[in-house]
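K.L.:
Guided by the hints, dock chains B, C and D onto chain A, whose structure is given.
Residue numbers (my numbering), protein chains in the order written: chain A, 1 to 356; chain B, 357 to 712; chain C, 713 to 1068; chain D, 1069 to 1424.
Be a bit skeptical, because a hint or two may be false.
[Said to hold, decoys possible] In silico DMTMM-like pairs for lysine to aspartate or glutamate, Cα to Cα no more than 25 Å straight-line:
1. D:1211 <-> D:1256
2. C:761 <-> C:969
3. C:1023 <-> D:1154
4. B:663 <-> A:188
5. D:1167 <-> D:1154
6. B:554 <-> A:262
These aren't lab readings, by the way, just hints derived from the structure by calculation.
4 protein chains.
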Amino acid sequence: MSHNSFGHLFRVTTWGESHGPAIGCVVDGTPPRLPLTEADIQTWLDRRKPGQSRFTTQRREPDTVRILSGTLEGLTTGTPIALAIDNVDQRSKDYGDIKETYRPGHADYTYDTKYGIRDYRGGGRSSARETAMRVAAGAIARKILGDGIQIRGALVQVGSQAVNRDNWDWDEIHNNPFWCPDAHAAADWEKTLDDVRKSGSSLGAVIQVIASGVPAGWGAPVYGKLDADLAAAMMSINAVKGVEIGAGFEAASFTGEQNADEMSAGNDGVRFSSNHAGGILGGISSGQDIVVRFAVKPTSSILTPRKTVKKDGRDTEIVTKGRHDPCVGIRAVPVGEAMMACVLADHMLRHRAQCG
Amino acid sequence: MSHNSFGHLFRVTTWGESHGPAIGCVVDGTPPRLPLTEADIQTWLDRRKPGQSRFTTQRREPDTVRILSGTLEGLTTGTPIALAIDNVDQRSKDYGDIKETYRPGHADYTYDTKYGIRDYRGGGRSSARETAMRVAAGAIARKILGDGIQIRGALVQVGSQAVNRDNWDWDEIHNNPFWCPDAHAAADWEKTLDDVRKSGSSLGAVIQVIASGVPAGWGAPVYGKLDADLAAAMMSINAVKGVEIGAGFEAASFTGEQNADEMSAGNDGVRFSSNHAGGILGGISSGQDIVVRFAVKPTSSILTPRKTVKKDGRDTEIVTKGRHDPCVGIRAVPVGEAMMACVLADHMLRHRAQCG
Amino acid sequence: MSHNSFGHLFRVTTWGESHGPAIGCVVDGTPPRLPLTEADIQTWLDRRKPGQSRFTTQRREPDTVRILSGTLEGLTTGTPIALAIDNVDQRSKDYGDIKETYRPGHADYTYDTKYGIRDYRGGGRSSARETAMRVAAGAIARKILGDGIQIRGALVQVGSQAVNRDNWDWDEIHNNPFWCPDAHAAADWEKTLDDVRKSGSSLGAVIQVIASGVPAGWGAPVYGKLDADLAAAMMSINAVKGVEIGAGFEAASFTGEQNADEMSAGNDGVRFSSNHAGGILGGISSGQDIVVRFAVKPTSSILTPRKTVKKDGRDTEIVTKGRHDPCVGIRAVPVGEAMMACVLADHMLRHRAQCG
Amino acid sequence: MSHNSFGHLFRVTTWGESHGPAIGCVVDGTPPRLPLTEADIQTWLDRRKPGQSRFTTQRREPDTVRILSGTLEGLTTGTPIALAIDNVDQRSKDYGDIKETYRPGHADYTYDTKYGIRDYRGGGRSSARETAMRVAAGAIARKILGDGIQIRGALVQVGSQAVNRDNWDWDEIHNNPFWCPDAHAAADWEKTLDDVRKSGSSLGAVIQVIASGVPAGWGAPVYGKLDADLAAAMMSINAVKGVEIGAGFEAASFTGEQNADEMSAGNDGVRFSSNHAGGILGGISSGQDIVVRFAVKPTSSILTPRKTVKKDGRDTEIVTKGRHDPCVGIRAVPVGEAMMACVLADHMLRHRAQCG
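So here's chain A without its partners, still in its complex pose (with noise of 0.2 Å):
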């Protein structure tokens, strides 16, 4: 058991945090000879990478990854690849108003209560910089899984404006900075954005995550459920309060002949009439697109004071200054599909492991 650990057979164990020296993750149990530079890695770094835009953090951080092990000439070995990112732009004077008084809706107060001490500065450990990691070992997932299976993801609602489904163009996402599928979406959010970032105030966003090509038979009943290591994979993601597979909570108004998926033999197997079961049958693939969504919350670091207390029990108000993303949904998008495709190597690797 390590509470800084996911996955089983393809396991990642991260550290770091957002003011220390560097970051990091090892990732063990990564089958042997498959091709992996560090270059493999930054191009997914760098889709998550702070500063891209004016509507996430203006940190300035290049995040350039390091392979320090597990690797030889260009392949891996079988052995742990730790990999590691060097904090950069760093400023800790930002956070030292910080240090005594407790941020409503941040792990500052949580932290302390637990551990007696915190890391301060930038939130330490609870800061989404440890996201990075996520990203780097997704990548090396994504070469386990190979390139039969796609995994994408796009934000599909910011504050209460959702993406019009009927819009929907995947080649769209690369056209704004929000990875909106819908370009009229898009548009509307940057004014919204904009008027959020000057007012120093924040909103929330859902993410959905498409995994297509994954074959049936991943997953494990009962505890070992794919739907449920993806749930918690997304929860684990910072400022995430909601998650759903498919049709998700929608599913509880529908009767079971709305819900129910028909099947239908098709040339090259099962059909299904449609997908509200997001992919996933008792817990194992079906076959069909693996389809989750997940709900973030509006970051707490606003401008607007909001009232606390101090260490020392006391009430005051905060103000968060420091360098904060309007919308952290947006650069969860590569987190997300990060973590399904973590969740979804650790499975092909369970799946071989029992079934061959």
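P.N.:
Okay, now just chains B, C and D, sitting in the frame of chain A:
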């Protein structure tokens, strides 16, 4: 790693199929010298037991639990506690017709694809019968947590009919067969579910589980987050398609100002102005109520014919007769409570291990 | 983590006390569609069963195993296999006198100190009765390994009397009640152990277990080494005080020249001039026989009075009557074989997961 | 599950190859607010460092450790502690000639067979260089255990020359380069090892590690036994072929009367007349010294030509030049101490979790 275990220090391993001789579990890690008798467990099992109203399956199982190890003279000894329940009311003939046919929305197809073999009798391992052992384990978890922590579940939505939270009355949940805290909603549901039942259809539902009295400090960054473990626990329950904590998906629509639970000095510690966080910040409990909701899809066992395929790949139609729940969400309430208890007991021990 | 489980992908959890209603285990991770009946397991249990000669405990336990889950029509289904054996010949009165007194060399004192409670009836959880479930699990492990891998154990030393390895004859182990491969040694032991038995004393022993046919490549650096897992597996057997692989402690006296198992090209792969490594290099199997030995201390249940203390701290003497083994090493032979089988089955699956 | 992690609540994951840019580890589960600086760790690393006498490898590694996360202002924060040591004195050319040839007694052949790829530079992952991180982790474990628990190791046998236990003097281990507690034996070993070194040969050894001050009650039945975990920990050290607890293999020759450690009432708890059990009964500590011994084979890197095969299967001979230890057992002493510390720290937390 075990696909059929959950928890780390309070660790539960379940076994058994719907129509095998028995189902059971092994609970490891229980502290010694806790009072524990079969009656302590039976009382919770009786709440989940089938056949208690016309709104749940008419299968008649006494679900009498036996303690096979781990106690001496009414006290736990610290060694593994084995529990078993004999299966009594199996009618395998009911299920003979689905031996060769995959029920849409069921795990039939995915089990067969994964394992190349499937216990078709009553769903085998994928049957909700397995959840009886969760409830049994939850009874032990409650003993560990002690009387200071209260865990209560309620059904808050059936189909598209949600409770009115202004009417919430915990006492009410014992006055109707739905664990419904709103008397008006309960009356509506009775009508709705009678219609559903008579027409051989089914409906989804949403369950809310609240734990009060949990001290601040349980849970752990980053992959041992309390909410990540709760998400996995709830998502692992049969038919669950979504999990949310506190404000959940609604938090996506919030601004940072709306979402922040402001803090102030109270008489016995910190007070919060609201609980959008659902009692968890940074994966660690804050001392507020832990609030979890999960969505259950309608059962796929319905009387309306649905298109599907046979094991040999040919198209067919299926009507699932058997004895089923018109709304499986009802019996999911005690199961959700049990999973909350198990996750909390595990984290209580995990916190004690690291932080003393 | 579970204190009562071992293995990772082939994972066994045992439960039960010497004088409770039953003992049992849950075996998770077994590949599907393996032929498995109760008879397949019973045949191995019968080899370990008490009361088969005058040299083992006279407790009469039929040790009849029941499969409670995880198979269908004689094939494994891939879901957890639960096994149970009812305890039949409990005579709790035999042990009443040790309820308040700690037997030297037994776990009585440490259990009481750890847990503040102890099932004193027949040793409770610390009884060697638990090893029956290891043998049962080992029978399933052998099915996974298949016929190409042969696992055989022998008693190679009783007290200070070792076998003469020049006399080694595997067929001989079925001709005496000791699993002794040397007919001369067996004759000597018979005399020795009759004396020991009559005087109410006991003797230690050394067991050797050999696995043939294991392919090169199983095991994993650095903490998943095959020999590290074997060491833990054997040391976890009751009364074991030492484990060695290949040349073992004798290797300390070797020079590098003596120790090196030289290699040469053979018809079907590499040949080794010797097997001091015991078939494991760098924690990974080399294709040679896997050779493990372990030492078992003499049972502490003897008729000679020994000084000890009572639960209340006062000095006393104790004579342990009950029904005990003059040499517990004898019945440890099938247990050692079973642990070898379980470790190998686990590593077979682990290797397949990572390396395909 | 991770092949490169050990421990459960005090959990260490190591990474790195002999000739990669660095080696490191992540230590998770450390309690918060323990004083910890790099100097606290360095002091133990310096004891294991190569090149300290003519009897160990002449590779010159300063082995300077850096703490990359998990501490703040000299105190642990409860989050994962990442440690790294840069590899400085790599001479890859030394090893070029073994790229295509398997050294007998080394892991070369098994790694290649398992993974189909091998980092041949200095043994890659199979190098004893990995043990530096065990020593580093052990330094943290000692902090958890506190000053009340003393862990000391000694070399007790080199080749066939054992210490005389009547001469045992703990102070003596600092007066010779062997950690030898017997001045006479140390003088003999000096002569022996000079001969071995000059002839380019090597010798095996036996190490003993003793932990004093461990309270009764740590460890857990049945597969979480303290001795089982110690056996795995020691056997996972490079070149170890045998592990024993207390009387170890000698216990096989004992009668029950000889073996029993009799108990009597002492001033501050139970007293034992002897310690054949090595401080562990039923897998749980008894309050006596924990006594472990392990045997290390001679290194296979010797100057005498040995027969072997090349990667392409052809016969050849090999002489391993490089820079090697004539007796790797010497540097195994601090490694054995570290493993003892890690296992005890883990079990301290495990005991606290379950028993408070």
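K.L.:
Each hint should be assessed against the structure and marked as holding or not.
P.N.:
Taking the hints in turn, this is what the structure says about them:
1. Proposed proximity of residue 1211 of chain D and residue 1256 of chain D is contradicted: the alpha carbons are some 36 Å apart, above 25 Å.
2. A C-alpha spacing of about 45 Å is found between residue 761 of chain C and residue 969 of chain C, which places the hinted pair above 25 Å, so the restraint is violated.
3. A distance of roughly 55 Å separates the Cα atoms of residue 1023 of chain C and residue 1154 of chain D; the hinted pair therefore is violated under the 25 Å criterion.
4. Restraint check: the Cα-Cα separation between residue 663 of chain B and residue 188 of chain A comes to about 42 Å, which exceeds 25 Å; the hinted pair is violated.
5. Distance hint between residue 1167 of chain D and residue 1154 of chain D is fulfilled; the C-alpha atoms sit about 23 Å from each other, no more than 25 Å.
6. For a cut-off of 25 Å, the pair hint linking residue 554 of chain B to residue 262 of chain A stands: about 23 Å separates their Cα positions.
When held up to the earlier numbered hints, the structure conflicts with 1, 2, 3, 4 and fits the remainder.
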